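Enquirer: Guided by the hints, dock chain E onto chain F, whose structure is given.
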Amino acid sequence: MSGPLLLQSLILGLLLGGLYALLAAGLTLYFGVMRVVMIAHSAFLILAAYLAWFFTAQTGLDPLLSLVITVPLFFAAGYGMQRALLSRLRPATLTMMSVLLTFAIALIIEGGLGYLFSGTQRRIQLGYSSASLELWGARIAVVKLVAFGLAAVSLLALYLLLKKTRFGQALRATIQHREAAQLLGIDTDRIAGFGFGLGLATAAVGGTALALDATIYPSLHWHWIGPLMAIIVIGGLGSIPGAAIAAILLGVTQSLLQIPMGTTWAQTVFYLALFATLMFRPQGFFGGRLAQRF
Amino acid sequence: MLSASRHKTATHQEGRTSSGRSVLVAKLVAAAVALGLVLAFPALAPDPFILSVGVVIASYAALAVAWNFVGGMTGYISLGHAAYSGLGGYGTALLVTEAGVNPWVSMIVAAVLVGVAAVPIGIASLRVRGASFVIVSIALVLILLLVAQSWSDVTGGSNGLRVPRPFGTDVLRPEQHERFFYLFVALTLVALVLWWVIDRSRLGTGLKAIREDEDKAQALGVPTFAYKLVVFVVSAFMTAMAGGMYALWFGSLDPIFQFSILTGSYLVLMSLLGGVRSLLGPVVGAVIVGYAVEFFKTQYGDTQLHLVALGLLLALVVLFMPDGVIPWVTAQFDRFRPGDTSIREVDAAQLAEERKALEEAKS
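Quick mapping for you: the protein sequence lines, in order, are chains F and E.
Note that the working numbering has the first sequence beginning at 1, numbered continuously upward.
Note that the working numbering has the second sequence beginning at 1001, numbered continuously upward.
Just chain F, same shape as in the assembly (with noise of 0.2 Å):
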């Protein structure tokens, strides 16, 4: 193995990883403020790619300016998603039903791209497609570093606004104790549509940033639920530090397992990272009391 392939499989696991972890953190989101394991959030990630394929593919515009109108459609749907259904469902059983519910969104997503654009492979070409940038040897795809630039200008967003708004702090009181954060007034059920929303807008921008470099269908989502689910459990469920640094890890893991084992057998990683988390630390690397429970 020589060095500069090293580099660039390290390079190359960071900037998965950043995508990762801005995903993880969307469904680190909809744990906290619900209790949800949202299933559907890489079909809608893929939906997301899929939609800026096609505006694309419409106007000939950068797939970067279709995040205008998805992000703010995305945060309107998760809204609407979880004060029509999810907040429907009977709380005893909340997290098994949620799963099934997501899971039947996440079916109807995969069915209905399938019948409107067709399970065809596809791909947005641009002008920067090809262009890579080199640094000690290593090539570094220019698309790979503008979504990982959107995944880690996001994420610092999402933190900022977690961290030093109102909106965040009350957010956070919602997630911490829900009855708590009602004393205080703070109307939760609103703040809960509110976490959905911005969780869903994660997927938004992680599936334009995914739309850039890779090749897109409607099954594809299969190939995502699986690790990010693997990372939000091993960073410890609803703690968005622990799946950030789950992601980082488990990315460039999986980038620097590929030159050895080839790309099918490196995505394992996740699954056996996942089973040894749970035999040895259930309650993940991070997580607190929340995740023992769930």
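Don't read these hints as lab results, they were simulated from the structure.
Model, not experiment: these values are computed from the prediction.
Don't be surprised by glycine CBs; every beta carbon is placed ideally from N, CA and C.
Be aware that one or more of the hints could be misleading.
[As the list claims (entries may be wrong)] One-sided and incomplete, this derived list gives chain E residues near chain F with beta-carbon spacing under 8 Å:
hint : residue
1    : A1040
2    : L1079
3    : V1128
4    : V1134
5    : V1136
6    : A1139
7    : L1146
8    : S1150
9    : I1261
10   : V1268
11   : Q1304
12   : L1307
13   : V1308
14   : A1315
Expert: Relative to chain F, chain E alone:
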């Protein structure tokens, strides 16, 4: 007044037991008629295609009942039971083709092996509740799909495996369908009897306690982890039996269909639609969903609309009848009956008055 109300409940209960016996008789008759219809199906089926659809539905029924060991009794919903049916199928196929074992023996051996493999999986996934359990069940299917597609020396990769027919070449296709239909029905009946036995045992009571409130069950001394593990292994074993039988019937295994989350979700939908708490719920669900799935496949063929239909159906069931269609229908009938409830329908003030009246009567 108190005595009057007591009297009333007493007569009500008496009424229930005598009507209970007639209900039992009616239920037995209905079950016998249903079983008779099921057994007569191969003779009634107009052509081999319909017969093969019947075999598929019977296999779904066996799988759904096997799923319901975990899903119904403990409330732990697994979306990844295709992992066990797929492993059962692959195990059977490999034992038949590579080791030359008798097909029926290999089906049972494969199922036992899957049951053994389910022990560590159960230990890992049952330590956590709800969400993580589902995640592990999905992850298991995805990992097995990866392995089945990549490890082509053993599993045949994406091409899958061929399984030779268990009956001789002189048994024609329609007759084979007929035999397998009866075999699947028998497997379903075995699973149902096992479910019924567990349901009425101490184990079943403990499992249902876990379903209702795991913390309280544990506090009352129910060995929750051991109970969950036992029923998890039983479920994996029965699922693998059905998977192995499917492999022998269908004759070829494709990893994409064997290790598919979609198959797992069919099982969940069937059990949920029929009602996870009832014995026959999963069977009823399997008939409805199995028929619907086959109908959609022939009607809309290659389009992805069947996914949309499955998704919509699942969402509707989860939102509007999470207890299943049998309890839902019963509830519609119960509307017209006198209500029976264990909740005392008097408030504190009325109770105080009653007591006062009683004391006055005494003195």
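Enquirer: Run every hint past the structure and note whether it holds.
Expert: How the hints compare with the structure:
no.	hint	in the structure
1	A1040	violated (35 Å)
2	L1079	holds (7 Å)
3	V1128	holds (5 Å)
4	V1134	holds (5 Å)
5	V1136	holds (7 Å)
6	A1139	holds (5 Å)
7	L1146	holds (6 Å)
8	S1150	holds (5 Å)
9	I1261	holds (7 Å)
10	V1268	holds (6 Å)
11	Q1304	holds (3 Å)
12	L1307	holds (3 Å)
13	V1308	holds (4 Å)
14	A1315	holds (4 Å)
Of the numbered hints stated above, the single one contradicted by the structure is hint 1.
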